[in-house]
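**Student:** Here is what each chain is made of, one letter per residue.
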Amino acid sequence: MRSDNRFRASWGLKAAATFGVLFLNLPLAFIVLYAFTTDDRSFSFPPPGYTLQWFAVAWNREDVWQALFLSLRVASLATMGAIVLGTLAAAALYRFRFFGKEGLTLLILLPIALPGIVTGISLRSAFALAEVPFSFLTIVLGHATFCMVVVYNNVIARLRRSSPAMIEASMDLGADSFQTFRHVILPNIATALLAGGMLAFALSFDEIIVTTFTAGQQTTLPIWILNELLRPRQRPVANVVAVFVIAATFLPIIAAYYLTRDTQEVAGSGK
Amino acid sequence: MSLNAAAPRPFSTRLSTYLYLRPHLVLALLLTPPLLWLGVIYLGSLFALLAQSFFSIDYFTGKVLHQPTLATYAELLKPSNLDVIGRTVAMAAVVTVLCALIAFPLGYYMARFAGPKTKMILYLAVTLPLWSSYLVRVYAWRLILSREGVITWVFKSLGIESVLGWLLALPVVGGPSLTASYLGTGLVFVYIWLPYMILPVQAALERVPRSLVEASADLGARPRATFRHVLLPLAVPGVAAGSIFTFSLTLGDYIIPGLVGGGRPFIGQVVLEHQGAGGNIPLAAAFAVVPILIMAVYLSLMKRLGAFHAL
Numbered sequence: 001m002r003s004d005n006r007f008r009a010s011w012g013l014k015a016a017a018t019f020g021v022l023f024l025n026l027p028l029a030f031i032v033l034y035a036f037t038t039d040d041r042s043f044s045f046p047p048p049g050y051t052l053q054w055f056a057v058a059w060n061r062e063d064v065w066q067a068l069f070l071s072l073r074v075a076s077l078a079t080m081g082a083i084v085l086g087t088l089a090a091a092a093l094y095r096f097r098f099f100g101k102e103g104l105t106l107l108i109l110l111p112i113a114l115p116g117i118v119t120g121i122s123l124r125s126a127f128a129l130a131e132v133p134f135s136f137l138t139i140v141l142g143h144a145t146f147c148m149v150v151v152y153n154n155v156i157a158r159l160r161r162s163s164p165a166m167i168e169a170s171m172d173l174g175a176d177s178f179q180t181f182r183h184v185i186l187p188n189i190a191t192a193l194l195a196g197g198m199l200a201f202a203l204s205f206d207e208i209i210v211t212t213f214t215a216g217q218q219t220t221l222p223i224w225i226l227n228e229l230l231r232p233r234q235r236p237v238a239n240v241v242a243v244f245v246i247a248a249t250f251l252p253i254i255a256a257y258y259l260t261r262d263t264q265e266v267a268g269s270g271k
Numbered sequence: 001m002s003l004n005a006a007a008p009r010p011f012s013t014r015l016s017t018y019l020y021l022r023p024h025l026v027l028a029l030l031l032t033p034p035l036l037w038l039g040v041i042y043l044g045s046l047f048a049l050l051a052q053s054f055f056s057i058d059y060f061t062g063k064v065l066h067q068p069t070l071a072t073y074a075e076l077l078k079p080s081n082l083d084v085i086g087r088t089v090a091m092a093a094v095v096t097v098l099c100a101l102i103a104f105p106l107g108y109y110m111a112r113f114a115g116p117k118t119k120m121i122l123y124l125a126v127t128l129p130l131w132s133s134y135l136v137r138v139y140a141w142r143l144i145l146s147r148e149g150v151i152t153w154v155f156k157s158l159g160i161e162s163v164l165g166w167l168l169a170l171p172v173v174g175g176p177s178l179t180a181s182y183l184g185t186g187l188v189f190v191y192i193w194l195p196y197m198i199l200p201v202q203a204a205l206e207r208v209p210r211s212l213v214e215a216s217a218d219l220g221a222r223p224r225a226t227f228r229h230v231l232l233p234l235a236v237p238g239v240a241a242g243s244i245f246t247f248s249l250t251l252g253d254y255i256i257p258g259l260v261g262g263g264r265p266f267i268g269q270v271v272l273e274h275q276g277a278g279g280n281i282p283l284a285a286a287f288a289v290v291p292i293l294i295m296a297v298y299l300s301l302m303k304r305l306g307a308f309h310a311l
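Protein chains in written order, with the working numbering: chain A, 1 to 271; chain B, 1 to 311.
Just chain A, with the same shape it has in the complex (with noise of 0.2 Å):
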């Protein structure tokens, strides 16, 4: 009976969190394997040798290129407007009272808590009935809705964490609003913001739920993939790909990691 149990956990529950970490973890593992093997039919365990020229082909694939510039775009221009409204909304919500505080909150996360095929189905509704056409712009809408939340979850815990002394001594000094927002605000919020902008980036990128909906017959990256998986022409491509994309978002999702790092409610408190 010790009040510090610290270093103490049973063996069972040694195991079992081992056996989480590993189940979450070990998959990633077998796409990067799968890279490199000369099968090019089957999905045969262990690979029957190793080759690197499934890297060369995919290089050369126009379709695989088209795919990625378009995510890139996508994933670009929804994450600027995806920065500017979650800024304004977290700005807004952390500084000031009003009526329907409460409902608005609601509003900004429920595009992250309904089923992502809500919110594409409800988009592909709307743009029925306005007789939108698709284009590269309604799939930067149905992104930019879903990124802003990053966004704002990210600002609005790094406001919540810094001193509003700061800013009055800031206009207690002289300085105007503008000279408080330029000087003292955004070098604060300047890594979240950072932050938060990453992430929105790798979840766009990567999007398919609500992009089928959106899309028409664009093909981003994620679609592109998933046509491979429905109809299987080029596996071993696929599978370069499959590397390409978790090299792709791991990266901004590490620095998002180390720029929030001091913060406690950090990014993945809510996709």
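The hints are simulated quantities; they were obtained by calculation from the structure and are not laboratory data. All clues given are correct.
Computed from the model, here is a short list of chain B residues facing chain A with C-beta under 8 Å:
(1) S16
(2) P33
(3) G44
(4) L49
(5) L135
(6) V136
(7) W141
(8) P291
Ideal Cβ placement from N, Cα and C applies to all residues, glycine included.
Please arrange chain B on chain A, whose structure you already have, making use of the hints.
**Tutor:** For chain B alone, kept in the frame of chain A given last:
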């Protein structure tokens, strides 16, 4: 040099003063863009969805009749459609329970046993899969579960192929292979949504003050009793919060059962199937209203368990 108050100030300063004296205007300026976006685009779309579900389709022309009717909801209540809803809800419930069982030990270990360094590594090990590509993670399971894949290989190497055969021969959940059975669907769902359960459970357990555990020990409770009567009840809001995500996300997913599944459709797949050009958008909309209603009931239940304070 004297202080000259009458000298014209720069425009930005005057604007700043003007705004400082009118906080309501500032609030309006800040709120208008996000409110317009969410209010018009998002809420507008949700209402469009609701409106569509009260329209119906003319089966001869394939055109949507823009007249309010309950015919589409009557169609929704056909036995075959109720089957789809039942199957989806059952899967969501099983997935939620399994996620809670796997997440609890890990969250408990992270919150109360791991040192700062281990904790940081574990935190990254949970959040990286959460944020990394959903589709690629589903893809990984296609590789793993396939007939020639690593699971079959492990069972073969251990000489217990018959166990795998027995699992696949089970009624309802079995199938010709793991990629074509509900066993596989459930497994992939659990894997994909697990981080959503771990994080709130860990956060809830971490918030339990050490003094509570010490008080319990001082009053003579053995660690097991402390766990049972102090920690476990206080973890309930965390589990409830996590279950909102696992339940809601399973209800609306259409990719996983399409790629790894037993062939009979889930709600999401039916919605997707009906939303295309030759489909039935009103019926798709009515189907999409089902998860919203289920989630409304589920959220009110979880709210009683304190889930909203653990989000």
